[in-house]
Structure formats: C-alpha cells, structure tokens
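> Chain order of the listed sequences is D and L. Numbered according to this note's numbering, the first sequence spans residues 1 to 299. Numbered according to this note's numbering, the second sequence spans residues 300 to 497.
Treat the hints with caution; some may be incorrect.
In the DSSO-like style, the derived pairs of lysine-lysine whose C-alpha atoms are separated by at most 27 angstroms in a straight line are [claimed, not checked]: (1) 364(L) <-> 267(D); (2) 267(D) <-> 355(L); (3) 274(D) <-> 331(L); (4) 355(L) <-> 274(D); (5) 355(L) <-> 77(D).
To be clear about the criterion: a stretch of chain D counts as covered by chain L if any three or more of its residues have a C-beta under 8 angstroms from a C-beta of chain L, and this derived list gives those stretches [what the hints assert, rightly or not]: (6) 79-91; (7) 122-129; (8) 279-287.
Bear in mind the hints are in silico, worked out from the structure with no lab data behind them. Glycine included, C-beta positions come from ideal geometry on N, C-alpha and C.
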Amino acid sequence: MAKENSAQTGTSRVKRGMAEMLKGGVIMDVVNAEQARIAEDAGAVAVMALERVPADIRAQGGVARMSDPGMITEIQKSVSIPVMAKARIGHFVEAQILQSLGVDYIDESEVLTPADYTHHIDKWNFTIPFVCGATNLGEALRRINEGAAMIRSKGEAGTGDVSNATTHMRAISDEIRRLSSMREDELYVAAKELQAPYDLVKEVATTGKLPVVLFTAGGIATPADAAMMMQLGADGVFVGSGIFKSGDPARRAAAIVKSVTFYDDAKVLAEQSKGLGEAMVGINVADIPAPHRLAERGW
Amino acid sequence: MKIGVLALQGDVAEHIASLGDCGVIASGVRSKQEIESIDALVIPGGESTTIAKLAKAFGVFDLIKSRIASGMPTYGSCAGMILIADQILDGGVDQESFGGIDAQVRRNAFGRQVDSFETDLTFAGISGASFRAVFIRAPWVESVGTQVEVLASFNGHPVAIRQGHLLATSFHPELTGDNRIHRFFVDQLCKESTKAGI
Chain D
1 MAKENSAQTG TSRVKRGMAE MLKGGVIMDV VNAEQARIAE DAGAVAVMAL ERVPADIRAQ
61 GGVARMSDPG MITEIQKSVS IPVMAKARIG HFVEAQILQS LGVDYIDESE VLTPADYTHH
121 IDKWNFTIPF VCGATNLGEA LRRINEGAAM IRSKGEAGTG DVSNATTHMR AISDEIRRLS
181 SMREDELYVA AKELQAPYDL VKEVATTGKL PVVLFTAGGI ATPADAAMMM QLGADGVFVG
241 SGIFKSGDPA RRAAAIVKSV TFYDDAKVLA EQSKGLGEAM VGINVADIPA PHRLAERGW
Chain L
300 MKIGVLALQG DVAEHIASLG DCGVIASGVR SKQEIESIDA LVIPGGESTT IAKLAKAFGV
360 FDLIKSRIAS GMPTYGSCAG MILIADQILD GGVDQESFGG IDAQVRRNAF GRQVDSFETD
420 LTFAGISGAS FRAVFIRAPW VESVGTQVEV LASFNGHPVA IRQGHLLATS FHPELTGDNR
480 IHRFFVDQLC KESTKAGI
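Produce the entire structure from the sequences given, and follow the hints as far as they go.
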C-alpha cells in the first residue's frame with residue numbers, strides 16, 4: 001500500500017486539469033434532479049446545482065445564498081456527470097460545506113449575495129477546485145492568485161443579454177494580447193496597473209493565455225450566442241437561465257451543446273437554431289441600474 | 300501516418316501538443332470526412348457521455364466504431380478509455396461505447412473530484428523514471444479478457460491496458476508534459492499497423 005500514500009489529492013494540476021476536461025462543453029444551471037437529467041441527456045459536461053436560476057434571483061430579490069445541501073445531494077444522485085455548486089463570495093464556510101458534500105467544483109459566484117465585501121475565499125485551503133468570475137484580466141489574475149483553478153467571464157447573469165459577456169471576454173483577451181506585445185521591463189508597471197501579481201502577469205505575457213481554463217457566462221440564451229463566445233476565445237460555456245427559462249429546455253440545451261462543438265460551422269449553427277421555440281424573454285442590461293448589476297460584485 | 304484527435308469535446312489541444320512533441324503533426328477531427336481521412340485516432344479526456352452523444356448526433360459513432368474494429372490504431376485517455384472499452388460499469392443510462400478492448404471499465408471508479416489525485420506509476424513498455432500520472436474522476440479497469448495486456452496498475456486496479464492496436468489509460472499523460480506514452484503509441488501501435496499494411 002506504499003503507493004497509496006504517495007497519491008496526492010488537491011494539487012494544482014488535479015484542480016486545473018479537471019477544468020481542462022470540461023473544455024468544448026456546456027455547463028448548465030439546474031434547480032432539481034429532473035432538470036439535471038434533462039441537462040445530462042442533452043450532453044452537458046456538468047451541471048450547476050442551485051435553488052434559483054439567476055433570472056429568478058433577480059426577479060425575486062432578497063439575499064441569495066448557497067443552496068440546500070439536500071437538494072444538491074439529490075442532484076448528485078441523479079446524474080453521472082460532474083455537479084458544481086455556488087458559494088457566496090468570501091463565504092468560506094459555505095465552501096467547506098460544499099466540499100464535504102463532494103461537489104466537483106465550487107463557483108464563488110457574484111450571482112449570490114456577497115458575504116464579504118473585502119476578501120474572497122482563500123481557495124488554496126481546499127481540495128475541491130474553484131471557478132470564479134472576472135470582468136477583466138486583473139480580476140482574473142487576482143482570483144487565480146487566491147487559488148481559482150478556472151475562470152469564467154462574468155457577463156450579466158439572468159438577463160439573456162449577451163452584450164456584457166462579449167465585453168468581458170473581449171476585455172480579457174485584449175489585455176492578454178497587450179501583455180504579449182510588451183517589453184519585459186514594461187511588465188512591472190503593467191502588473192501595477194492590472195493590480196495583479198507580477199509573476200502571473202509575466203506568465204501570461206510569455207504564454208499568451210491564462211494559466212487556467214477560461215469559460216464564459218452571463219446572458220447566453222441561443223446557440224448563436226454560445227458559438228460567438230467560442231469564436232471570441234472561450235474554452236466553453238455556462239448557460240444559466242437561458243435553458244430552463246425557455247419554451248423547450250431539452251431541445252435548446254441539446255442545440256447549444258452541438259453549437260459549442262461546431263462553433264465555427266455556420267451550417268450546423270443554422271440547423272441547430274431552427275424551431276427552438278421561445279427563447280427566454282430577457283432584460284436589456286442597459287435597463288438595469290448599475291447598483292443592481294451582478295457583474296459589479298467582486299473586486 | 301495521419302493522426303487525428305477526436306474533437307467533439309475535451310482536452311483536444313493538450314493531446315495535439317503532446318503528439319507534436321513526438322514529432323507528429325496531429326489535428327482535431329469531428330466530421331465524417333475528417334475521420335475517414337485519418338490513419339490513427341486519439342480520444343481525449345472529457346465527459347464520455349457528452350462525447351458519445353455528440354458522435355451519435357453528428358452521425359460519426361458507427362464510423363468510429365467500425366474503424367476501430369477494423370484495425371485503426373487508437374489511444375484513449377480517461378473518457379477515451381471508457382469509450383474504447385467493450386463494457387462500461389456505472390455509466391449513464393444507456394451509455395454506449397465504441398468498444399474494441401475486451402475489458403470492463405468502471406466509470407468514476409476512483410471517486411469524485413475531491414478524490415482526484417496524482418501519483419508515480421511504473422508503465423511496462425516505457426523506460427526511464429516512473430511516470431507521473433494525473434487521475435481526474437478517473438475510471439479503472441475492473442476485468443480484462445485474455446488478449447489484453449496490463450501495462451500499469453494502481454492499488455491493484457489496472458489503469459493502462461493494451462490490446463493489439465488499442466491503448467487506453469485511466470490517467471492523463473497529456474497534462475504532464477511527459478510525452479513517453481504518446482511516443483509509445485506512435486512508435487509501438489501506429490508504426491506496427493503501418494508495417495502490417497492495415
């Protein structure tokens with residue numbers, strides 16, 4: 001049994017590697033076991049278990065917290081694909097509880113009401129990997145510095161309006177391209193301006209990409225939305241309210257999965273966009289007063 | 300020799316890079332024409348249920364199955380191992396595989412992500428230091444037929460197996476930068492089939 005002792009869990013490679021396996025896939029928000037099965041049948045690579053999808057959180061207001069562990073366990077039993085769950089920003093005890101349930105990934109998410117307006121969770125303390133949202137490169141690197149093993153561009157959750165997802169994805173890739181073109185002695189100031197650790201800034205400048213997988217989220221409602229985000233450089237897509245707030249969730253879910261695989265083939269995208277029924281009604285981000293925008297949470 | 304990496308879902312780029320380090324220019328394949336044009340295939344890590352569903356939806360499932368059956372050298376890591384095993388245990392409802400290796404593979408056998416781990420393994424057929432193996436929600440091999448060679452085991456469970464032109468690992472050599480297993484596939488499985496004129 002000597003070998004068993006040498007097995008190391010929770011290493012960066014194991015945490016970041018898990019996200020590598022999700023690439024080219026769609027992660028879907030589900031609120032019960034039945035939706036989780038629909039998502040799995042449609043070809044989702046993982047599900048995000050939560051009590052209310054962002055559109056409902058937005059509509060109903062109030063404080064949004066970690067979901068009932070009983071409901072998360074129920075979903076874990078009903079599917080064989082990975083199950084993720086959300087903890088509030090900075091709420092390390094919610095994260096401890098989620099880890100004890102054996103969820104596969106924790107999303108420290110701005111969709112829930114933050115528990116700490118200064119500190120994020122110290123994610124190095126956990127065996128379970130974390131995904132965090134970011135609106136720009138500096139924010140992404142601060143989260144990675146705290147131990148995030150995967151980043152998702154935030155977009156504006158629960159709107160069905162893809163405009164903020166494109167803004168954030170473009171901001172991140174634009175800043176990466178800018179770093180790649182810099183002289184080495186310029187990276188010190190770049191790190192200061194990005195408010196990110198120099199070592200990570202230098203790594204991004206050298207490799208031309210984030211050191212972790214980059215998904216996209218927040219407002220994706222159609223196969224074309226998902227494919228556009230892939231063409232803009234996302235490794236995969238989170239779809240929240242967009243599926244189960246639409247007319248025919250099973251069909252739309254399967255169509256988005258196929259469109260992420262064939263994101264650069266307009267013929268396939270046209271086929272997958274046909275006859276999906278009603279998309280979620282949505283809200284224009286511009287109509288939401290700035291203090292109510294979820295993307296502004298997190299720092 | 301044209302090697303394709305099945306690009307329906309998963310860590311395709313990492314396998315292409317590992318093959319590149321072995322001097323092989325591989326490319327992602329997803330369409331029927333692309334899959335028909337290759338001489339060998341790598342099935343990456345990913346979600347086996349998702350990859351199988353997409354293969355069915357885009358009409359390439361039976362093509363891959365028949366090409367594997369007719370001797371195309373194929374290597375599968377993790378999800379890829381599940382997909383080239385004849386029998387899946389603990390799979391999703393109605394989960395099907397391309398098959399090829401006479402083995403039973405248990406999905407997520409090492410547990411959930413909290414149990415995912417890395418360790419050093421001895422791999423029969425590659426020389427030098429032990430191999431750093433990364434297991435992510437990994438399957439193990441429950442039982443094998445008489446034609447199957449076990450190349451590596453962990454805690455009594457086979458985690459790397461070969462049957463003729465087919466190679467499967469529970470773990471992800473594409474994540475470590477150590478390309479010896481990809482080289483083994485290229486040198487031992489792909490070149491042998493070229494010699495045999497398959």
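> The structure should be examined with respect to each hint, and the outcome stated for every one.
Evaluated hints:
no.	hint	verdict
1	364(L) <-> 267(D)	26 angstroms, holds
2	267(D) <-> 355(L)	18 angstroms, holds
3	274(D) <-> 331(L)	23 angstroms, holds
4	355(L) <-> 274(D)	19 angstroms, holds
5	355(L) <-> 77(D)	26 angstroms, holds
6	79-91	holds (count 4)
7	122-129	holds (count 3)
8	279-287	violated (count 0)
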